[in-house]
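Visitor: Listed below, chain by chain, are the residues.
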Amino acid sequence: MTDCRRDSSGRKSALRTMRHLIIVVVPALVFSSVALGRTKQPQQAPVVKDRKSGAFKGQKAAPAAVPRHDLSGTWEPANGPSEGIQIDGVKAMPNDGKPEHQLPYTPYGLQAYKSHHALAGADENLPGFNNDPRDKCEPLGFPRMTFYNLRETQMLQNEYKIVMLYEYGTVWRVIWTDGRELPKLVDGGVLIGKEVKEPRYYGYSVGKWVNDTTLIVQTTGMMGEDRVWLDTAGRPISDQVHVEERIHRADHDHLEWTVTIDDPKMYTKPWVAMDKFRMKLEDPHRDVMEQYCSLTEMENYNKVFASPASVPTGQKSGR
Amino acid sequence: MRSKVMAILVLAVGGVTLSVPLFAHHGTAAFETEKKVTLKGTVTEWLWSNPHCLLQLDVKGDDGKVVHWVGETQNPVSMTNVGWSKAAIKSGDEVTVTILQVKNGMPLGRLVSVLLPNGKTLISGEGASREVRDELERQVREGTSK
Chain A
1 MTDCRRDSSG RKSALRTMRH LIIVVVPALV FSSVALGRTK QPQQAPVVKD
51 RKSGAFKGQK AAPAAVPRHD LSGTWEPANG PSEGIQIDGV KAMPNDGKPE
101 HQLPYTPYGL QAYKSHHALA GADENLPGFN NDPRDKCEPL GFPRMTFYNL
151 RETQMLQNEY KIVMLYEYGT VWRVIWTDGR ELPKLVDGGV LIGKEVKEPR
201 YYGYSVGKWV NDTTLIVQTT GMMGEDRVWL DTAGRPISDQ VHVEERIHRA
251 DHDHLEWTVT IDDPKMYTKP WVAMDKFRMK LEDPHRDVME QYCSLTEMEN
301 YNKVFASPAS VPTGQKSGR
Chain B
1 MRSKVMAILV LAVGGVTLSV PLFAHHGTAA FETEKKVTLK GTVTEWLWSN
51 PHCLLQLDVK GDDGKVVHWV GETQNPVSMT NVGWSKAAIK SGDEVTVTIL
101 QVKNGMPLGR LVSVLLPNGK TLISGEGASR EVRDELERQV REGTSK
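Sequence lines, in order, name chains A and B.
Taken in order, the first sequence gives residues 1 to 319; the numbers are from the working numbering.
Taken in order, the second sequence gives residues 1 to 146; the numbers are from the working numbering.
Mixed in with the good hints there might be a few duds.
As the list claims (entries may be wrong) - Label-pair restraints from in silico Cβ distances:
#1 66(B) / 303(A): 19 to 29 Å
#2 70(A) / 35(B): 48 to 58 Å
#3 45(B) / 208(A): 32 to 42 Å
#4 289(A) / 45(B): 14 to 24 Å
#5 296(A) / 37(B): 26 to 36 Å
It is worth saying that the hints were derived from the structure and are not from the lab.
Every residue, glycine too, gets a C-beta built ideally from N, C-alpha and C.
All chains should be built: construct the whole structure from the sequences, respecting the hints.
Guide: Have a look at this one:
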């Protein structure tokens, strides 16, 4: 009996202990499983002052790791919006009359340059006397798109391609990163498989990662010199051009963008048009404005301002 | 911060003319002079357009004769960067503007600043150094110029 009573009292005691265990351990397990589950989810961002670094006000943030094979984000010229306008021509070789910025023109290239009456650069013309296709709102084409009003540029990417959304003209380019070969230049366009495809304003681009943070982009198959210019200073480019871009993510918040022009029709040797041009990462919430060319607005501008401003001193404008 | 804004205003509207090619559409040397004129007038149109925004105003001279002036700025994106907007100026506003007049002497030029009826001054950054303009843009981006 005693044993039996002891047993009974021991069983009660064991049941009490188990009840306590259930009360304490089960919720703990539940919470821990929730916690474990949460570790698989993206971390909830704390309430912070600095959206990019995640640092609280006054706290010095540790530099963020440089992501591998990733250019996604909204980028703008690191030294301010003025830096990307490149009004006097490509950033590394502006058309400013300095001997070190003279381009290696072929005779044909020099002739093409002289036929362009640019609004900017060493040989700039009055607004009423220019023949820049831009002022007819023609597509700028590539690479001029990168050399004119390079402002806030959004880059989106997946495993197949990187898409660049330029602010000026609301224009995009596709850079294929799926391993395809660069199309071969042939008469009348480019050869893709066995098919000849037409030239494009923004060409055909393929990109290859040469290390964790550097993408090399090759582009060919662009429009001819009768349709596009290289830059706002009137430098020419032809349908024989091959453009190489080296886009290096120098750190989490900066890109360095180098562009080399190889156009045997216009230039005797390849030359660098943008040299490690720095872009900085913007707040991902930033809404990029549109900047466009409207022929209606352009004609009004010419009528109201550019034409009378171009009248030689002493003559009447007819305004 | 207020003193910084004042410094920008003084540099932009005052004597500094370290002008650099900031315009996104055309160069500077062909038709710009460093001749700054200050005009009081009535806005007839503020056109928020590309490739340049245009402010048109009627200015009455001492002789009572009205001269129609046109001032251009940069494009809407660039002007937004320095704190201007489509709604900032209205037809009928009495304003005081500073303009870099064109070489041929026509009543045209680049707007340096506009003093609005509410006492606020809009600064374009033209006629000032690149550093001044960049500082202005930085302040607008950070919302500290208001």
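Visitor: Decide, hint by hint, whether the structure agrees.
Guide: Results for each hint:
1. 66(B) / 303(A): 19 to 29 Å: 21 Å, holds
2. 70(A) / 35(B): 48 to 58 Å: Given about 51 Å between the Cβ atoms, the range holds.
3. 45(B) / 208(A): 32 to 42 Å: Since residue 45(B) and residue 208(A) have Cβ atoms about 52 Å apart, the given range 32 to 42 Å is violated.
4. 289(A) / 45(B): 14 to 24 Å: Given a distance of about 22 Å, which is inside 14 to 24 Å, the answer is holds.
5. 296(A) / 37(B): 26 to 36 Å: Given range 26 to 36 Å: holds, Cβ gap about 30 Å.
When held up to the earlier numbered hints, the structure conflicts with hint 3 and nothing else.
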